[in-house]
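Working from the sequences, and respecting the hints, build out all of it.
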Amino acid sequence: MNNNRLVALGLILFVVIFTFPVLMNLGKTTVQTQPPDALAMQGLADKLGVKNEQEYREKHMQILSEWKGAVVRDGKRIYVTQDGREIPMSMENLASQSQYCNACHDYAGIEKPKCWTCHVAPDDVKGVK
Amino acid sequence: MSLSRKDFLKAAVCTIGLAPLAIMAASSARTAPDPRALQGASWAMAVDTTKCTGCNECAVACHKGHNVPNVGNSKQEVKWIWQENYEGAFPELSHNYVDEGMKKRPFMLLCNHCENPTCVKVCPTQATFRRPDGIVMMDYHRCIGCRYCMTGCPYGARSLNFNEPRDFLKEINPEFPTRVKGVVEKCNFCEERLAIGKKPLCVEACRYQALTFGDLADANSEIRKLLNDHPSQQRKLSFGTKPKVFYIV
Numbered sequence: 001m002n003n004n005r006l007v008a009l010g011l012i013l014f015v016v017i018f019t020f021p022v023l024m025n026l027g028k029t030t031v032q033t034q035p036p037d038a039l040a041m042q043g044l045a046d047k048l049g050v051k052n053e054q055e056y057r058e059k060h061m062q063i064l065s066e067w068k069g070a071v072v073r074d075g076k077r078i079y080v081t082q083d084g085r086e087i088p089m090s091m092e093n094l095a096s097q098s099q100y101c102n103a104c105h106d107y108a109g110i111e112k113p114k115c116w117t118c119h120v121a122p123d124d125v126k127g128v129k
Numbered sequence: 001m002s003l004s005r006k007d008f009l010k011a012a013v014c015t016i017g018l019a020p021l022a023i024m025a026a027s028s029a030r031t032a033p034d035p036r037a038l039q040g041a042s043w044a045m046a047v048d049t050t051k052c053t054g055c056n057e058c059a060v061a062c063h064k065g066h067n068v069p070n071v072g073n074s075k076q077e078v079k080w081i082w083q084e085n086y087e088g089a090f091p092e093l094s095h096n097y098v099d100e101g102m103k104k105r106p107f108m109l110l111c112n113h114c115e116n117p118t119c120v121k122v123c124p125t126q127a128t129f130r131r132p133d134g135i136v137m138m139d140y141h142r143c144i145g146c147r148y149c150m151t152g153c154p155y156g157a158r159s160l161n162f163n164e165p166r167d168f169l170k171e172i173n174p175e176f177p178t179r180v181k182g183v184v185e186k187c188n189f190c191e192e193r194l195a196i197g198k199k200p201l202c203v204e205a206c207r208y209q210a211l212t213f214g215d216l217a218d219a220n221s222e223i224r225k226l227l228n229d230h231p232s233q234q235r236k237l238s239f240g241t242k243p244k245v246f247y248i249v
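Same order as they appear, the protein sequences are chains A and B.
The opening residue of the first sequence carries number 1 in the working numbering; numbering runs sequentially from there.
The opening residue of the second sequence carries number 1 in the working numbering; numbering runs sequentially from there.
It is worth saying that the hints were derived from the structure and are not from the lab.
Positions of the beta carbon are idealized from the N, C-alpha and C atoms, including for glycine.
A hint or two may mislead.
Per label pair, the in silico range of CB-to-CB distance [claimed, not checked]:
id: 1; chain 1: B; residue 1: 9; chain 2: A; residue 2: 92; range: 46 to 56 angstroms
id: 2; chain 1: B; residue 1: 70; chain 2: A; residue 2: 92; range: 15 to 25 angstroms
id: 3; chain 1: A; residue 1: 105; chain 2: B; residue 2: 70; range: 28 to 38 angstroms
id: 4; chain 1: B; residue 1: 174; chain 2: A; residue 2: 46; range: 37 to 47 angstroms
id: 5; chain 1: B; residue 1: 121; chain 2: A; residue 2: 26; range: 41 to 51 angstroms
Mimicking EDC-like on lysine to aspartate or glutamate, the simulated pairs with C-alpha atoms at most 16 angstroms apart in a straight line are [stated by the list, open to error]:
id: 6; chain 1: A; residue 1: 68; chain 2: B; residue 2: 164
id: 7; chain 1: B; residue 1: 64; chain 2: B; residue 2: 48
id: 8; chain 1: A; residue 1: 114; chain 2: B; residue 2: 164
In structure tokens form, the structure reads like this:
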């Protein structure tokens with residue numbers, strides 16, 4: 001029973017280390033609590049030729065990947081949606097939404113899209129030296 | 001009418017066999033080319049060096065239009081179209097007794113969009129590829145910056161972005177993406193303009209009509225007539241890359 005002290009110390013240390021991330025963030029609001037703006041989301045859904053927010057969430061990465069393949073590899077630049085609308089396949093067409101992309105990815109806790117490191121969003125043009 | 005068991009099975013198997021075709025047809029109908037797009041089977045360029053004055057306006061227009069950074073350091077420079085002298089352009093043909101006129105003449109160099117491109121062969125990620133219309137294209141999304149293509153290209157037509165290109169751009173053309181550090185780039189024969197029915201920027205920018213862009217597969221095209229009427233030469237033919245930029249001398 002001579003180890004009581006050490007055990008207690010170990011236990012305290014364990015609890016402190018284990019809860020460190022929680023303790024560090026106490027009182028801070030690091031997560032953006034604003035839910036995605038429905039209007040902006042519908043705007044994006046329209047530009048991507050999908051019906052609604054849900055479909056946008058599920059499909060946007062596949063659709064953008066498909067766009068990239070079609071434009072770069074096949075030289076096809078018009079996207080025909082299932083209801084027959086023709087949409088230009090270009091990131092620049094979505095550019096007005098670049099800030100929104102980041103906001104939503106932040107909210108969802110996922111990496112910011114890298115599209116805008118090359119594709120030009122209007123905000124980038126202003127920021128250039 | 002009665003169907004035998006055998007005939008029924010035959011018909012059933014055939015129908016199932018056709019199903020993937022129908023699915024493919026349905027999915028491929030989802031993208032289409034712009035109706036304005038210029039059609040060609042073998043795009044090429046002719047540079048009339050007797051008309052070129054070396055004003056460099058083609059390069060300025062190209063680099064501005066494609067957001068090509070001006071790094072100001074010859075070892076790290078990024079270029080799509082640039083000027084050389086005779087020796088630089090045609091090292092195999094140059095000798096001590098080339099006439100003075102030729103020695104002083106400017107030659108605009110750019111990617112040759114080879115029929116047999118070494119850059120495409122060596123690219124480990126297939127970021128560089130040859131399109132059916134003969135344009136040697138880059139998919140910047142796939143480029144890993146290994147620079148095999150730069151080693152493979154005998155024309156020095158490729159540049160690596162050693163720096164973040166946006167740091168070296170005075171203004172950005174929002175119509176065309178920039179690149180990022182660690183990505184190779186080169187002339188794309190203005191495929192983004194051909195796709196909407198326009199000729200390349202350099203051709204439009206030249207005040208002396210020294211640049212002619214056209215389809216080699218079309219015997220009536222301007223470029224074929226030009227090549228038919230004038231003696232021309234090409235860079236470094238011994239490499240067997242079959243370049244498609246012609247120099248009228």
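Each hint, compared with the structure:
1. B:9 to A:92: 46 to 56 angstroms: holds (54 angstroms)
2. B:70 to A:92: 15 to 25 angstroms: At roughly 23 angstroms between Cβ atoms, residue 92 (chain A) and residue 70 (chain B) fall inside 15 to 25 angstroms, so the hint holds.
3. A:105 to B:70: 28 to 38 angstroms: Distance hint for residue 105 (chain A), residue 70 (chain B) holds at roughly 33 angstroms.
4. B:174 to A:46: 37 to 47 angstroms: violated (21 angstroms)
5. B:121 to A:26: 41 to 51 angstroms: violated (59 angstroms)
6. A:68 to B:164: Violated, at about 23 angstroms.
7. B:64 to B:48: violated (23 angstroms)
8. A:114 to B:164: holds (14 angstroms)
Figure legend: structure checked against the earlier numbered hints; hints not met, in rising order: 4, 5, 6 and 7.
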